[in-house]
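Number of protein chains: 2
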Amino acid sequence: MFSDRLNGYLRTAARDDALAAFIVAILLIPQSLAYALLAGLPPQVGVYASLLPMLAYAALGSSRVSSVGPVALTALMTAQAIAALVPADSATPGISATDAALVLAAETGLLLGAAALLRLDALASLLSVPVLQGFSTGAALSIALSQLPVMLGSPARGFNAPDVLAAWWRSGQWGQAPTAAFGIGALVLLILARRHAAALLRRWLTPDAARLAARCAPLAIFAGAVAIVAALQPAEPAAAHGVALVGALPPMRLPIALPPLAGALWWQLLPSAATIALITFVSSLAVSEGLALQRGEIVVARRELAGLAGANLVAACSAGMPVAGSFSRGAINAEAGARTRMAGVWAAGFMALAMLLLAAPLALLPKAVLAASIVLAVLGVAEWAAFAQAWRYSRSEFAVMLGVALLTLFSSLAIALATGVALSIALLLQRTARPHTALIGRIPGTEHYRNVGRHQVEQTQGVLALRIDESLLFTNARQLPGVIAGYLAQHDAQPGALPTRRVLLLMSPVNHIDLSGLEALRALHASLARNGIRLDLSEVKGPVLDALRAGGWSAWFDGRVFLSHHQGMLDEHGSAG
Amino acid sequence: MFSDRLNGYLRTAARDDALAAFIVAILLIPQSLAYALLAGLPPQVGVYASLLPMLAYAALGSSRVSSVGPVALTALMTAQAIAALVPADSATPGISATDAALVLAAETGLLLGAAALLRLDALASLLSVPVLQGFSTGAALSIALSQLPVMLGSPARGFNAPDVLAAWWRSGQWGQAPTAAFGIGALVLLILARRHAAALLRRWLTPDAARLAARCAPLAIFAGAVAIVAALQPAEPAAAHGVALVGALPPMRLPIALPPLAGALWWQLLPSAATIALITFVSSLAVSEGLALQRGEIVVARRELAGLAGANLVAACSAGMPVAGSFSRGAINAEAGARTRMAGVWAAGFMALAMLLLAAPLALLPKAVLAASIVLAVLGVAEWAAFAQAWRYSRSEFAVMLGVALLTLFSSLAIALATGVALSIALLLQRTARPHTALIGRIPGTEHYRNVGRHQVEQTQGVLALRIDESLLFTNARQLPGVIAGYLAQHDAQPGALPTRRVLLLMSPVNHIDLSGLEALRALHASLARNGIRLDLSEVKGPVLDALRAGGWSAWFDGRVFLSHHQGMLDEHGSAG
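Taken in sequence, the protein lines are chains A and B. Everything in the first sequence is counted per the working numbering, starting at 2 for the first residue and increasing by one. Everything in the second sequence is counted per the working numbering, starting at 2 for the first residue and increasing by one.
Bound-form chain A, shown alone:
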């Protein structure tokens, strides 16, 4: 049975998956080292986080092409969480950064797993588009800025803009020439390769082969850097002209163990883990949903949660760090033709093989070259156009986007996210609190009623016809009687107007009435009745009417409910008015 399926797989999809996995692995090797360094961890942690977690996602996840492993965003969040725990100045004994990363991965995995069990996938919707876009742009800038001193050979380190700039200023040194030569040289070559390699290679290769070969260009650049380092200083490579190198990786042994079970550490890291879990889920889901939409596939949010939970728990038990779905690797995996989640298994295999074969040359890779590759990767994610679009669409959402980006850059990722969520909710509350209302009239010759201010319409004497463009909720309910009273006063002040006998509310935009809205409707009904005015409703939605009936409104409501607004306007009492 299983062997049948395996044979089927080997006959059909295996070749495509393996080829895509090879291309992904070429990107993954430097990224795994770089993101571990970005998180303030030894480079091999990134390698370990790229092996077994991929298998766990392949077993449990939902997306066929998502590539789960170390990513820049969670690496930066891990760095900030560890920095808050172990201040750089004080040498607190007992807490190592690798232990903290393991605990973070374990907690992230447990939280994601709990969210999957409790069906909390809807929580992801708390992150609105402006918050996500502001956050990813701010984080990209923050990561690029943190890599700049590494690229130039300055000892300055930090996880947000003020820290990095202050450290750079204090160090009194812009960088170091040989390191900067590697860093800037690699950046320029990587940019040139990305822009022109495919076009250049097409002179000799078929377009498909050229595109694939161009994907290997970064590997050639890394190999070149290693060759230069080896040529310059073969005897003592670790200090080649003062250029910081990745250094010898410990022998691959994939240590399997439970993460450290220290209660205090778990408690201290829990808030950071909650933020990482939320961002891991939302950013990974955005990647896999985006890819699925292109491929006509479906991603199940709960299975995505389960896959990410499994990947993080496995990372916590195999000397790793928090992992998530990578935007760049997922896109390359899809483009290179991956067909099933087995591509992730292949990629892990290639990764392990590469580590066995390439450990020696990788030790000679300058950190500045890795930093250059991070800078290029994250700046590709920054969404500049999104700011312009938000500015045109909604000034308040633009303000949220900008605020979140600035907080991400100048404060911490967690504060930026929390503020963004709070602002999004505040905007939503404000929107429902100030509903748009419209006096409506009949478009002549039809049964359609539209805003008096926007269309040429007919109004009926003695009937105030209004549309309230919002659900009646606690945020706006208290204003309802006042708003109607304002329209009544305005209406009756017109010269020659007959006194209003009925108020007819078009309820089709009212999607819900909560208890506060019900009370407001009752107060409106009572105050109109006191002035001899009847309150009628039209086009009340089924679920809303059901709720009103359940709330016992028949005990006090004297008006009528019409299926269509036009019928309501033609009502005998109305036409007599």
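In short, the hints are calculated from the structure, not lab data. Built from N, CA and C at the ideal position, the CB exists for glycine as well. There may be inaccurate statements among the hints.
[Said to hold, decoys possible] Far from chain B, by Cβ distances over 10 Å, these chain A residues were calculated:
(1) THR13
(2) LEU142
(3) VAL189
(4) LEU206
(5) ALA214
(6) LEU255
(7) LEU262
(8) ALA361
(9) GLY381
(10) ARG443
(11) GLU459
(12) GLN460
(13) GLN491
(14) PRO496
(15) GLY560
(16) VAL562
[As the list claims (entries may be wrong)] Non-contacting residues of chain A with respect to chain B, defined by C-beta distances greater than 12 Å in every case (computed):
(17) LEU149
(18) TRP170
(19) ARG195
(20) LEU201
(21) ALA263
(22) GLY264
(23) PRO272
(24) CYS318
(25) GLU336
(26) ALA337
(27) ALA360
(28) GLY463
(29) TYR488
(30) ARG502
(31) LEU536
[Claimed, not checked] To give an idea of the chain A side of the interface with chain B (calculated C-beta under 10 Å), a few residues:
(32) ALA125
(33) SER129
(34) VAL132
(35) THR476
(36) ALA524
(37) PRO544
Assemble the complex: chain A is given as a structure, and chain B must be docked to it using the hints.
Using the frame of chain A, we list chain B on its own:
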């Protein structure tokens, strides 16, 4: 000029105002003493808070009949704030309860004033009906329970149910017989007077006079209690048979001074003051709006803020405590015929006069009698029927109401309110996150389109007509493409169905589209286009269409927008499908 207006006032409204003020003062004398004791303050603080603050509200406020002064709710909140500051066990020197009350009043006044300047009156809408009703019921029970040991003569004190019950248990004493006789006797007589005094007096008086005279019944009961105490122990009244008495009030001198300007104290009390300010505003506004609605008057929320701010600042400078609009006194003021805010000035005058004349007899009033009057007053405010109504209308809002009531009773008022606001917002988010969607069809022979599941309607082959009963917001935007895909799959799975060529969304319930909603619409449009399906919209509201145009949607939107859904269904492409 001024004398003209004064003469005019004296000719017209003065008699009515003065009469109403006299009735209010009869209620205010015991309430001012009782609420000061409830707040853990000397009784004269309540008296001072009933004099000048009323004048400030008369000058700045908006309601004609609201009666501002000490109220049970803010007295309990003051007590909790002071108790958190000065734990009963530890004798912290330096901070006196009266100082803390002055600072609370000053901060409450400043916060209300700032809210008036910044037009933050809409913040009141954060308190939904279930939160307010749960809160007032829980607070009423909490206050009644805190007065029970006072009424029965037990030394147990506390400001929430667990505290009171624990203290009562620890005291090992249910009460003390002579005190309990006063307390229970007063309670029974007050209940009898409220129920039967007016009917009884109507035998001898006109109905109006009987109603007014019945209002004086509590005064007679208090006078009776004082007479009994005086008769029992004329020589040493303060310890009459162990019955705790109000005791000699210090000579009236109305000390005018700035509140203590201790930075640490102000900082510690600020969170409590913010809660008191919010509750003061919302509860006072509820009272004055309720009364204004009955009288056909208008209350301006910002002037109400200003009036309450002035009253609290004056209270802070005249040896008072936080003040708010009283439900019971406002209602009695209106019923007794008050016509202008000058009634408050009269009431303050009567109050001052009473304190000058009645200080000696009031010293003999047993505290148990005051406690009985508080129990009766607050239990009248508890909204039992509201719980039954909420249960029928919405289980989740009932849960919020009950939760807030229980937290108010068993925890602190501030925690209960914060939880209630958070739960209300969570319910609103959840509601917008799970929008009701309906497949719609044409009611035969009309141009009306209704839910297929609720009405006998006709559907058109090849056109999927849907209504989404919610604004497109970040809380639900991510689900939109999935929801439509689900309908499409269901539609195409019907036997004999033509493949869907168009999706037509009826947009009349969509009151707003935020940036996340715009992105979701774009993703939906793209995924439908990939399957050769056109996305059309009908009955898009003016403001929504304006925003879509500003957001540059014409760059990607290929469908059409119809003024009416019926026109959209008749579109040539649709009818061909």
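Exercise. Looking back at the hints listed earlier, which ones does the structure fail to meet?
Worked result: Violated hints: none at all, because every hint is consistent with the structure.
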